[in-house]
Amino acid sequence: MKKDFKRYTVTAALPYANGPLHIGHVAGAYLPADTYVRYLRLKGEDVAFVCGSDEHGVAITIGAKKEGVSPKAFVDKYHELMKKAFADFGISFDIYSRTSNKIHYDTAQDFFRKIDAQHLFLEETSDQYFDEQEGIFLADRYIAGTCPNCGHTNAYGDQCEKCGTSLSPKQLINPRSTVSGNTPVLKPTKHWYFPLDKFEGWLKDWLIEGHKSDWKTNVYGQCKSWIDQGLQPRSITRDLEWGIPVPREDGKGKVLYVWFDAPIGYISATKELKGADWEKYWKSDDTRLIHFIGKDNIVFHCIIFPSMLKAEGTFILPDNVPANEFLNLEGEKLSTSRNHAVWLHEYLVDFPGRRDELRYVLNSISPETKDADFTWKDYQQKVNSELVAILGNFVNRVMVLTWKYFEGKVPASHELPNTSDKRKRILDLYNLAHIDLNKSVAEMVKALEDFRFRDAQFHMMNLARVGNKFLADTEPWKLAKEDMEAVGCILNYALTVVGNISIACQPFLPDTARNIHAQLNMDASEVSKKFWKSQTLVEPVGAGHQLNPAALLFRNVEDTEIEVQVEKLRKVKAAKMEVSTTVIENPVKPLKEIVTIDDFGKLDIRVGTITAATKMEKSDKLLKLTVDSGLDTRTILSGIAKHYTPEEVIGKQVTFIANLAPRKMMGTESQGMILMAEDSDGKLRLLQPNEVVRPGSTVS
RNA sequence: GGCGCGGUAGCUCAGGUGGUUAGAGCGUUGGAUUCAUAACCCAAAGGUCGGGGGUUCAACUCCCCCCCGCGCUACCA
Numbered sequence: 018m019k020k021d022f023k024r025y026t027v028t029a030a031l032p033y034a035n036g037p038l039h040i041g042h043v044a045g046a047y048l049p050a051d052t053y054v055r056y057l058r059l060k061g062e063d064v065a066f067v068c069g070s071d072e073h074g075v076a077i078t079i080g081a082k083k084e085g086v087s088p089k090a091f092v093d094k095y096h097e098l099m100k101k102a103f104a105d106f107g108i109s110f111d112i113y114s115r116t117s118n119k120i121h122y123d124t125a126q127d128f129f130r131k132i133d134a135q136h137l138f139l140e141e142t143s144d145q146y147f148d149e150q151e152g153i154f155l156a157d158r159y160i161a162g163t164c165p166n167c168g169h170t171n172a173y174g175d176q177c178e179k180c181g182t183s184l185s186p187k188q189l190i191n192p193r194s195t196v197s198g199n200t201p202v203l204k205p206t207k208h209w210y211f212p213l214d215k216f217e218g219w220l221k222d223w224l225i226e227g228h229k230s231d232w233k234t235n236v237y238g239q240c241k242s243w244i245d246q247g248l249q250p251r252s253i254t255r256d257l258e259w260g261i262p263v264p265r266e267d268g269k270g271k272v273l274y275v276w277f278d279a280p281i282g283y284i285s286a287t288k289e290l291k292g293a294d295w296e297k298y299w300k301s302d303d304t305r306l307i308h309f310i311g312k313d314n315i316v317f318h319c320i321i322f323p324s325m326l327k328a329e330g331t332f333i334l335p336d337n338v339p340a341n342e343f344l345n346l347e348g349e350k351l352s353t354s355r356n357h358a359v360w361l362h363e364y365l366v367d368f369p370g371r372r373d374e375l376r377y378v379l380n381s382i383s384p385e386t387k388d389a390d391f392t393w394k395d396y397q398q399k400v401n402s403e404l405v406a407i408l409g410n411f412v413n414r415v416m417v418l419t420w421k422y423f424e425g426k427v428p429a430s431h432e433l434p435n436t437s438d439k440r441k442r443i444l445d446l447y448n449l450a451h452i453d454l455n456k457s458v459a460e461m462v463k464a465l466e467d468f469r470f471r472d473a474q475f476h477m478m479n480l481a482r483v484g485n486k487f488l489a490d491t492e493p494w495k496l497a498k499e500d501m502e503a504v505g506c507i508l509n510y511a512l513t514v515v516g517n518i519s520i521a522c523q524p525f526l527p528d529t530a531r532n533i534h535a536q537l538n539m540d541a542s543e544v545s546k547k548f549w550k551s552q553t554l555v556e557p558v559g560a561g562h563q564l565n566p567a568a569l570l571f572r573n574v575e576d577t578e579i580e581v582q583v584e585k586l587r588k589v590k591a592a593k594m595e596v597s598t599t600v601i602e603n604p605v606k607p608l609k610e611i612v613t614i615d616d617f618g619k620l621d622i623r624v625g626t627i628t629a630a631t632k633m634e635k636s637d638k639l640l641k642l643t644v645d646s647g648l649d650t651r652t653i654l655s656g657i658a659k660h661y662t663p664e665e666v667i668g669k670q671v672t673f674i675a676n677l678a679p680r681k682m683m684g685t686e687s688q689g690m691i692l693m694a695e696d697s698d699g700k701l702r703l704l705q706p707n708e709v710v711r712p713g714s715t716v717s
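Numbering-wise (our numbering), the first sequence opens with residue 18 and increments by one.
No wet-lab data here; the hints were simulated from the structure. As the structure is a computational prediction, the values presented were derived from the model and not from experiment. A few of these clues could be false.
Quick list of in silico lysine-lysine cross-link-like pairs, DSS-like style, CA-CA up to 25 Å [stated by the list, open to error]: (1) 131 to 215; (2) 300 to 229; (3) 421 to 439; (4) 399 to 463; (5) 60 to 547; (6) 312 to 100; (7) 495 to 439.
For each label pair, taking beta carbons as the anchor points, the in silico distance ranges come out as [unchecked claim]: (8) 489 to 531: 19 to 29 Å; (9) 199 to 127: 30 to 40 Å; (10) 109 to 187: 44 to 54 Å; (11) 463 to 494: 29 to 39 Å.
Where a beta carbon is used, it is the ideal one built from N, C-alpha and C, also for glycine.
Please put together the full structure from these sequences, using the hints given.
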């Protein structure tokens, strides 16, 4: 089943260069990737660990505009910020590149040409909104207008942020360009599409059949769901200035859509890293390609990008995509825009020299199978009761004992058996511990191989647990009064355990590993290789070896320290509340264009009484209302299911448009439209006369 | 509404081709101990394995229905 791979290409999702990194990014992709890569390197594998900033797309241009800078200046800023945060945190990329590099432009364009030459792309001309004053086609995000769903007057062309509905620009009422403020016009434009549908059969073979058992269930299930729903051609170009130009004569003014160029960034980064040698890492069957991503990226990395690679024809495909779920913070979703986050660069300032603590905690709650929650209380508890109390304490007590009884020199491991019952007992305990430790090492390695880093770290910590127990059971401080040879034997082994911990913790706690190496005064490289090769305990320090003075590895996280952090989050929330209050105070939306009394007169608005109401089947939002309109009894569908139950609406009078052209929805015809008032929080309320009137009464 | 993933001790999670008293770490409580950052060690308490049906000699594990969380998706004239 498992192939014999000669080298690894490991990618971590390219972070989008429009904001800083937070712990959710770290826990989702970068920490697991880094842990895995460190493990691979320790095993002596040939690995290319690539990442970089994703710098194209409309969101960048919008962000740049908001800050009043060029897109290039905008991405420069965030690229540097993220690059520094990664470096400061110790994510060990072999290269952290960026998609605005020339090499990436060339790579992405070559990639496009290669597929284009096979005439695989579809071309399609469609009407898109065009801003005549600016002379540009407007991306969905650049168009604002009234949401057809909730009436929010500031909905974007791709989504209404108020009610969350996803939209297309043409659905917007009174569209306007957010660039110039003018009303855009529809104009034909040509775009290229990648025929994902043509890869359905192949995806079924490769993914659904081929990776049924080796991919995580959450990843596999999501992919299967997508494929089963049927795939559509996807547009791969945009009318935009910022991006990689479409390499075609007739592609002037158009760029590759960001999702198309971004994953190619992995390839560009590898070229930059390996030079002429890069193809080995992308085109050789004995290379294992692994993508580390968050769950939001599953469809791109498991379906779209592999299809692109397949279409190009000369590349290998990902062997595994161990996507993580999401991390929450104090019970709420992390949010860049709401500033509800623990920013990586801020953590590094607030907790200097405590990178491993964050690594440890994030890894121990890693959202491998479901969304997880980071709380500062939990952070404190895990650091204090696990890193400090179990790992740090074990290393410290062994060091202190060795200095106390042997002046910091590793004692000789004498032959002990048969000389006394006590010695025999020590030997038994030693054997037990040894078996336990080797078992933990084996399980740790197994977990690392399976991308179960949470579990792997647990088994690593088990080494310290067994070590503590070994000391408690053998009690060398008591024996010191009667049998120093036995004490030496015990401590010799305890030091062996410490040394092995320092080797085993390297993928998880790289700083701690170095700290222990320093205290043990050992050169880890050779024994480490042996350890990871044999996956059993090694002997890192021999008798007579001189240790350095003991130093504490970790210190307790004080209540005050986490209170500061919790307070920080609370303040952000409070500030946010204030902002939303001001929004409520100033909810007035811009006026729609002036209409005449004749325009108004075309509408036949009436009051009717709801005589029956049921929830529309198979719909979350629609209620099916039967309305006595005075003229007739008609059926009106209304998207108010989230605001009213059918029961509470029956018997109520409502205002509705009586002469609106009927429209079929979910197989039922709606004969009119119920008028609603929308509160500032998006809540919908029926518009009623303040006294009951006869059904059919007109409104004017 | 459809699809996917998940719902196991206070917390973080294991588990199982169905079969003795359902596991671990942390937390809690009690004990023991002093080499160690009131740490370590031992022990105990703590779960009707989301709810309800069904299949079976036997289900937490298989089947059906429902509820909750997260994500994707349809509907919102």
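Consistency of the hints with the structure:
The hinted pair formed by residue 131 and residue 215 meets the criterion: a straight-line CA distance of about 17 Å does not exceed 25 Å. Among the hinted pairs, residue 300 with residue 229 is consistent with the structure: their alpha-carbon atoms are about 24 Å apart, no more than 25 Å. Between residue 421 and residue 439 the CA atoms are separated by roughly 22 Å; this keeps the pair inside 25 Å, and the hint holds. Restraint check for residue 399 and residue 463: the C-alpha separation of about 24 Å stays at or below 25 Å, so the hint holds.
Simply put, residue 60 and residue 547 have alpha-carbon atoms about 9 Å apart, close enough for the 25 Å limit, and the pair holds. About 22 Å separates the Cα atoms of residue 312 and residue 100, which keeps this hinted pair within 25 Å; it holds. About 12 Å separates the Cα atoms of residue 495 and residue 439, which keeps this hinted pair within 25 Å; it holds. Taken as a hint, the range 19 to 29 Å holds for the pair residue 489 and residue 531, whose Cβ atoms sit roughly 28 Å apart.
Look at residue 199 against residue 127: about 38 Å separates their beta carbons, and that is inside 30 to 40 Å. Separation of residue 109 from residue 187 is about 47 Å and conforms to the stated range, judged on CB atoms against 44 to 54 Å. The hint said 29 to 39 Å for the Cβ distance between residue 463 and residue 494, and at roughly 36 Å that hint holds.
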